[in-house]
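Chains as they are written, first to last, in the working numbering: chain A, 1 to 413; chain B, 1 to 413.
Calculated directly from the structure, the hints in this document are not laboratory data.
Incorrect hints may appear among the rest.
To be verified - Partner residues aside, some chain B positions facing chain A, computed with beta carbon under 7 Å:
#	residue
1	67
2	87
3	137
4	400
5	404
For each residue, glycine too, the CB sits at the ideal point set by N, CA and C.
The primary structure of each chain is shown beneath.
There are 2 protein chains.
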Amino acid sequence: MEFLFNMRKVAIIGVGHTKFGVLKEKDLLDLLCDASLEALEDSNTTEKEFDSVYVGAMCPGEFNHVSGISSALVDRISLLPAASDRIENGPASGGSAIKAGFQAIASGMSELVLVVGGEKMTHIDIPGFITSIVATITHSEAERIHGVSLPSFGGLLTRAYLEKYNAKLEWISDIAIKNHKNGTLNPNAHFQRSIEDFMKSAIKKGKGDWQSVYEFLEDDKVNPIIADPLRLFHICPISDGAAALVLCNAETAKRYCDTPVIISGIGQATDTHIIYEREEMTELKALKIASSQAYRMAKKSPDDIDVCELHDAFEILEAVQSEDMGFFEKGEGAKAAHEGLTEIGGKIPVNPSGGLKARGHPLGATGIAQVVELFWQLRGEAGKRQVEGAETGITCNFGGFGNNILSILVERI
Amino acid sequence: MEFLFNMRKVAIIGVGHTKFGVLKEKDLLDLLCDASLEALEDSNTTEKEFDSVYVGAMCPGEFNHVSGISSALVDRISLLPAASDRIENGPASGGSAIKAGFQAIASGMSELVLVVGGEKMTHIDIPGFITSIVATITHSEAERIHGVSLPSFGGLLTRAYLEKYNAKLEWISDIAIKNHKNGTLNPNAHFQRSIEDFMKSAIKKGKGDWQSVYEFLEDDKVNPIIADPLRLFHICPISDGAAALVLCNAETAKRYCDTPVIISGIGQATDTHIIYEREEMTELKALKIASSQAYRMAKKSPDDIDVCELHDAFEILEAVQSEDMGFFEKGEGAKAAHEGLTEIGGKIPVNPSGGLKARGHPLGATGIAQVVELFWQLRGEAGKRQVEGAETGITCNFGGFGNNILSILVERI
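Please work from the sequences and hints to get the whole structure.
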């Protein structure tokens, strides 16, 4: 792919982000409205005419019995007659919605665009329903019919990685420990407690007594195996929530805000649907291509990145993604996390927001929440979890089980 | 909205179109593949590297238990690692997918793009299931909860129109008669028989004896009322099918084909979700805005249009749309159809393909099938239904019940 390097630049001028978690009192449209209105307010565009609205959501039909939700949103927040569409790309629907909004502006078809993503799932009380719906992104004959779900792929990948690179499951746990810790610094995060806090609370309740967090995490009673070797604390929760961005032609960005952030690179690539057909399970080829595209478009390299948000639906993914985006050598990602290199203040801070593990994972919201976090980090507005001096950030938003990955690179200007 | 008039031009260089109808032997992915591979072949791009693939589909989760189908398609037709997304905008998902593909190229992010839309519904044998799923685009509290479905809105609009403009239901029937006749000239159409043929066949089977097609259409036994005053023959069928376009940067179009067609205008607008809140039910405000945008972008007016494809899910819609796009005065659309002005060879031929009524309406495919038909018309390849000398065409693709409408203007160059 050859980019047109003189294309119009696109800026983020404001953001919105609901609390992620179990939000009983809100339906999907409420959540999308809340994040959108916050982004409009934040970008000083509440009275402006929007050209387009893009909604990232994976399964509003299956989970919420609605279609055409982008049109409903535009009416509800009084942005009529703005054009609007929903973008679906599995758990990467949010990243794809950002790309759609970016292209709307870069093409010259739009000047002012709202991008919002969300999902509402915690109201569903049929056991296994959510996992089975999410599994509709797997291959129906080669995978799904045999009972394979996303968590089982997470388990298989973990096993393959640990064996291939002689890594330890404790290092994967270290990623969860870090992300829970970061989550305690993020008021919007689904989980506001560190794993140590969970342990102390369990001790207090008389559920057991453990000498270390690792021992706690190995206890089947408090941390059961979900997909061997992955346990509950290695896997992201089911969350409700929404996040939003207001994008505009960068030339006009300073009219709305003093410190816009530029989307300077976007990459997206696909890989085989059937995971068995990939040359190497522990390598995310689509991410290598997508992140290379983003770096090339932005004329940056991994060394230029100050902070990143990765798609740790399963904690193994953060390790593998940190390698395939160029931060660590293959097989070194989990060890790097164990050594603290990905903590806030480390070599390359990963998921200061808490990531999918602790911020939560309302599918369609995630790709947008990642960029919202980078927006705050780049403007020095990330509070207690601020990465000092961050000027450049990148994301990995993961669709399918790695068969459609986006990488978005943002910069302060 | 101010367009960037120096944006990159986008050409259509090849198309694909499956038969529409009850296609028992194909699943949704098969249909998308068939249309896509035909478009690749038609555009001489089977060996080329594609940057992006956009899939328009309304309810693949609800109807086919699949998500992430755009990624699955890219793998199945060997276009890895092309970026891919699904676009959902109710029954206008196809039109929105074209717009997404257009913006991918106009922005400079892509050079070669596949746009494909499809839906597979006829395998569903639960009575009312499809209508209830399609009704998820209506407003859940103000409309759907009261049992309102899309056909009932079609009936209400028909009644309002007939009363307001002193029009006759027979004129609405004339639209169905014309579209069925056009369908007999389209080998891909769901229905290959004129209404007169249906009548003759019914007479032969001893079901009755009628002096005219109008008398036949008023017979409750052969043409029952679905949503008063609309009867079965005033409403599009439930169809399976897919249609595809290959788009490229217009500067390179002649490398692939001798007679590319240019997408010179795209408009899209939203209206209130709740129909009751509109000032006037018989006026499609979103279409007025969307078509004005398309005309302005292409520097054309309704007088420049040689052929058009409208969204006649209910035959009343063709009449109203032909007015709101500027071909006839308000209240004159149905009469114009009655007078033959919209026939092939008439003042402004509408739906030479047979429209949704006769070509069929596989939701996500429709917006793309409309542009495929115009592509053939503009290249003089429409066979027996050719509109002589057609150089410019326009579409109306209708999402929700008029709360999200696209209009796409194409030209021969």
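In ascending order, which of the hints set out earlier in this document are inconsistent with the structure? none
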